[in-house]
Amino acid sequence: MPLVNIKNIHKKFGDLEVLKGVDFSVEEGEVVCLIGRSGSGKSTLLRCINMLEQPDEGSIEVFGEDIVHTKDINAYRAKVGMCFQQFNLFNNMNVLENCVRPQVKILKTPKEEARNRALLFLDKVGMQDFANASVNKISGGQKQRVAIARSLCMEPKLMLFDEPTSALDPEMVQEVLSVMKELAKEGLTMIVVTHEMNFARDVADRVVFMDGGVIVEEGTPEEMFTNPQNEVTKAFLSTY
Amino acid sequence: MERFIQNILKILNTYGSSLWLGVKTTLFVALTGTLIGLVLGLIVGGIRAIKLDYNASKASKASKKAIDILLNIYIAIFRGTPMMVQALFIYYLLLDYIHWTYLQAAVVVISINTGAYMAEIVRSGIQAVDVGQSEAARSLGMSNWQTMMNVILPQAIKNAFPAIGNEFIVNIKDSSVLMIISITELMFQAKSIAGSTFLFTETYFIEAIIYLILTSIAAIILNMIEKRMNQTKVSLPQSVTAPENIAYAVEKENIGGNSDYASR
Chain A
1 MPLVNIKNIH KKFGDLEVLK GVDFSVEEGE VVCLIGRSGS GKSTLLRCIN
51 MLEQPDEGSI EVFGEDIVHT KDINAYRAKV GMCFQQFNLF NNMNVLENCV
101 RPQVKILKTP KEEARNRALL FLDKVGMQDF ANASVNKISG GQKQRVAIAR
151 SLCMEPKLML FDEPTSALDP EMVQEVLSVM KELAKEGLTM IVVTHEMNFA
201 RDVADRVVFM DGGVIVEEGT PEEMFTNPQN EVTKAFLSTY
Chain B
1 MERFIQNILK ILNTYGSSLW LGVKTTLFVA LTGTLIGLVL GLIVGGIRAI
51 KLDYNASKAS KASKKAIDIL LNIYIAIFRG TPMMVQALFI YYLLLDYIHW
101 TYLQAAVVVI SINTGAYMAE IVRSGIQAVD VGQSEAARSL GMSNWQTMMN
151 VILPQAIKNA FPAIGNEFIV NIKDSSVLMI ISITELMFQA KSIAGSTFLF
201 TETYFIEAII YLILTSIAAI ILNMIEKRMN QTKVSLPQSV TAPENIAYAV
251 EKENIGGNSD YASR
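Protein chains in written order, with the numbering used here: chain A, 1 to 240; chain B, 1 to 264.
Calculated directly from the structure, the hints in this document are not laboratory data. As the structure is a computational prediction, the values presented were derived from the model and not from experiment. Heads up, the beta-carbon is just placed ideally off N, CA and C, and yes, glycines get one too.
Far from chain B by the CB rule (all over 12 angstroms, computed), these chain A residues:
hint: 1; residue: 221
hint: 2; residue: 222
hint: 3; residue: 228
hint: 4; residue: 231
hint: 5; residue: 238
Distance ranges between label pairs, derived from CB positions:
hint: 6; chain 1: A; residue 1: 63; chain 2: B; residue 2: 56; range: 20 to 28 angstroms
hint: 7; chain 1: A; residue 1: 133; chain 2: B; residue 2: 226; range: 18 to 26 angstroms
hint: 8; chain 1: B; residue 1: 65; chain 2: A; residue 2: 66; range: 25 to 33 angstroms
hint: 9; chain 1: A; residue 1: 220; chain 2: B; residue 2: 66; range: 53 to 61 angstroms
hint: 10; chain 1: A; residue 1: 136; chain 2: B; residue 2: 208; range: 36 to 44 angstroms
hint: 11; chain 1: B; residue 1: 104; chain 2: A; residue 2: 136; range: 41 to 49 angstroms
hint: 12; chain 1: B; residue 1: 66; chain 2: A; residue 2: 25; range: 41 to 49 angstroms
hint: 13; chain 1: B; residue 1: 227; chain 2: A; residue 2: 29; range: 48 to 56 angstroms
hint: 14; chain 1: B; residue 1: 72; chain 2: A; residue 2: 13; range: 25 to 33 angstroms
Below, a list of computed lysine to any residue pairs in the SDA-like style, where the Cα atoms sit at most 20 angstroms apart:
hint: 15; chain 1: A; residue 1: 124; chain 2: A; residue 2: 178
hint: 16; chain 1: A; residue 1: 108; chain 2: B; residue 2: 150
hint: 17; chain 1: A; residue 1: 185; chain 2: A; residue 2: 123
hint: 18; chain 1: A; residue 1: 79; chain 2: B; residue 2: 146
hint: 19; chain 1: B; residue 1: 51; chain 2: B; residue 2: 124
hint: 20; chain 1: B; residue 1: 158; chain 2: A; residue 2: 133
hint: 21; chain 1: B; residue 1: 158; chain 2: B; residue 2: 219
hint: 22; chain 1: B; residue 1: 51; chain 2: A; residue 2: 70
Produce the entire structure from the sequences given, and follow the hints as far as they go.
Below, the structure written as structure tokens:
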């Protein structure tokens, strides 16, 4: 049974129908990259998976649980990590506190234990030396790595990445991608919305191309990048 | 001119202690009023800013709406009527039930009045916090309440600090209208001094100078606090130049400001 199982979801923003019936599933341990033009609905699909957007129709099951109708959405969200394009580190906390506070408040982890775990994951993303830095004094790439560490501290079973490198200067993209590669190698289930085609080619188990609110084509990176079947996919990939 | 200065010195000499009492009362009323008003404003502004979860029950949605309406009425009344009238009305309204002193009534009135303004200040402070902050908090699994207390309000207070400090300065001056219920603040003291000495110009000149000194000192202290708060906030300019972002910005404009839907 797939870890994420989405059936026929629709989502409208006012008159704009962003998702027009999407079926999508992810197996445990799989790394799936969502690609497509801006406005094709890939981020909305991702945001529906932890209910930051609520679908108008259709069903979403994650970990075998119906999350559209779940009573305790917060308990569910604690099991799903999410990284944003704009990092969204808490501005009123330093780097370490960003990783400690959610554990203490949500998982009720004792402070000392939370601190140790935070340092462990900050070390993993290479940010341990900045533990006491203000989040406004570190670079974009560093912020995104801290954001990843903050999510990892919650020990998520699934990670969602919403264009994690799109707001970064080119030289910082690699440091974030290499952390993500590491996670993929460790077998974490990841869904990544990205414009980094090289990352998709190297790391993804499956690439999903969306256009106009539907999934147009999906397959292994090899199939998708060397031999796309659909005309729209071809046109899109040729721009890279 | 010489007479003027002599008279001033005379007043200061004879009535120095009652002016000092006036200063103390004014500061006490203004400070407690601002602090209690801030707490009220945080509660009212916070409640008004909470957006219920999509899966909240119908009953809680209805009660949230009812509470919002009540809070709006509170703000409309206390921002829309003079504090002098509020002081008189509330003092006499409750006098029979709680037998309070003038000073107690004054603190209550100025607190409730300030709370109405603070609620709006807090609300605008909350609105200035990037929507991504609450999205990140919610995505980690924080409840509405945890998000508000841990992430939104601390930043909102920081955003709103200049306006909050401004309320304190306004209160130093506006507490003068509370003389109407005979509390011994600066205005009341000056009026009685002027009444017994008949040195009206001199007395009110002194009073004006004292108010000016109080508000200036308050402004300096507030500035210092603000600077200290911002010291940790110096942020390097960060440009967003990746081509995807340009496309994304254009696209966002086309859709029109749905700010809840910021990062696609």
